[in-house]
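Listed in order, the protein sequences are those of chains L and U. The first sequence: position 59 = 57 (our numbering), numbered continuously. The second sequence: position 227 = 229 (our numbering), numbered continuously.
By construction, these hints were calculated from the structure, which means they are not laboratory data. From the three backbone atoms N, C-alpha and C, an ideal C-beta is built for every residue, glycine too. Heads up, some of the hints might be wrong.
Some chain L residues close to chain U (C-beta under 8 Å, calculated; not the full set) [said to hold, decoys possible]: (1) 11; (2) 14; (3) 15; (4) 19; (5) 23; (6) 24; (7) 26; (8) 27; (9) 28; (10) 29; (11) 31; (12) 34; (13) 35; (14) 39; (15) 67; (16) 90.
Selected chain U positions facing chain L (in silico; Cβ < 7 Å) [to be verified]: (17) 10; (18) 94; (19) 228.
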Amino acid sequence: MNPQIRGIGELDRVIHEPGRLMIAALLYAVEKADFLYLLHETGMTKGALSSHIARLETAGYVEVEKTYRGKIPQTLLRLSPAGRAAFEQYRRNLKSVI
Amino acid sequence: MDRVEDMLARPARYSNIDGMGEISVGLMCVAAWCLWFVAPKTLPLWMAAARRGAVWFVLLGPALSLAWVAPLLLLVRYGIPAFKGHVTYRRTGFVQYRKESRWASTRSFLLFEAVLLPLLFLAVAAAEHWGAAVAVVLSQCMVFGYCQNIAGTRWKWAVAAAMALISVPIALLPTPYIASLARDRFMDGLFRLSFPYARIVGAQGALMIVSGGITLWSYLRHTRPAAREEQ
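Whenever a hint applies, use it, and build me the whole structure from the sequences.
Pasting the structure below:
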């Protein structure tokens, strides 16, 4: 098999899904961001966003922190070191196969 | 892949989504220009006082300048974060940036300066109106910073182009003549360099306030505070 085509199969499937890819890319560029920011930037529904975040959290790629801004509950999200490494690897793999 | 790169660039553009970045820098620029606007009147008085040895009067100038700038600094230091906390983060979310992303823009700025400095010396050597020439070159630092940190949409690039272009006619406006300064070559040279520069910075600041104001108006018009559970 062509090694380039084989590279497509090696892409991280957790990150490769478009919704999760958007979340990972946005979080990669920042230290942390809240749920509202991701909702606004990705244009996803709350349910879809929550489900993608849960999947990324299960994979150990995203750390979720529940806190308060004043009296308003806030969900802060950050890419874990494993998530950061996985995203970098994903970008390298994607560049090599395109 | 382009879409991924675009997503990576979006958080940087988010810092000025409400126009407050532009407005705060613009305010500081206009405030600096206001100080220079009164300089042709105050500088001769200040120099005369310095010659007489009137220390209290000599210190009064910097003290008044500080009294003028300090409230603006406080506004930028505390007012802008307060606005973001009460308006922006409640409407479109909170972002905390990575420190290394700031270093990247500083590195680009230093690289730009390394290219700029030789040009600056050439301008000083070749131009008859060297003060104006240096002022134009220096003022492009502001445009570079704007392009690096703020310009993300097409019309912001138009603002950046306007900032670059207005610097030339403004620099060529006549610099006020101060008789008492003409005797001191160093002070006169410094004034002939800094006055056109301050005038350009003031005009660029005014442009940024207008541009930031439009962004703020558009932001407030198109967003609304999110429900509590969304955050």
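Now for the hints, and whether the structure bears them out:
1. 11: Where the cut-off is 8 Å and the nearest Cβ of chain U is about 16 Å from residue 11 of chain L, the hint is violated.
2. 14: Interface hint status for residue 14 of chain L: violated (11 Å vs cutoff 8 Å).
3. 15: With Cβ-Cβ at 13 Å, over 8 Å, it is violated.
4. 19: holds (7 Å)
5. 23: Check passed: Cβ of residue 23 of chain L comes within 4 Å of chain U, closer than 8 Å.
6. 24: With a minimum Cβ separation of about 6 Å from chain U (threshold 8 Å), the hint on residue 24 of chain L holds.
7. 26: At about 6 Å, which falls below the 8 Å cut-off, the nearest Cβ of chain U leaves the hint on residue 26 of chain L intact, so it holds.
8. 27: holds (4 Å)
9. 28: holds (5 Å)
10. 29: Status holds, d = 4 Å.
11. 31: Holds: closest Cβ of chain U sits about 5 Å from residue 31 of chain L, inside 8 Å.
12. 34: holds (4 Å)
13. 35: holds (3 Å)
14. 39: holds (6 Å)
15. 67: Hint holds; residue 67 of chain L Cβ to chain U Cβ min 7 Å, cut 8 Å.
16. 90: Violated, about 11 Å.
17. 10: With a minimum Cβ separation of about 5 Å from chain L (threshold 7 Å), the hint on residue 10 of chain U holds.
18. 94: Holds, because the Cβ-Cβ distance from residue 94 of chain U to chain L comes to roughly 5 Å (cut-off 7 Å).
19. 228: holds (5 Å)
Against the hints set out earlier in the document, violations occur for numbers 1, 2, 3, 16.
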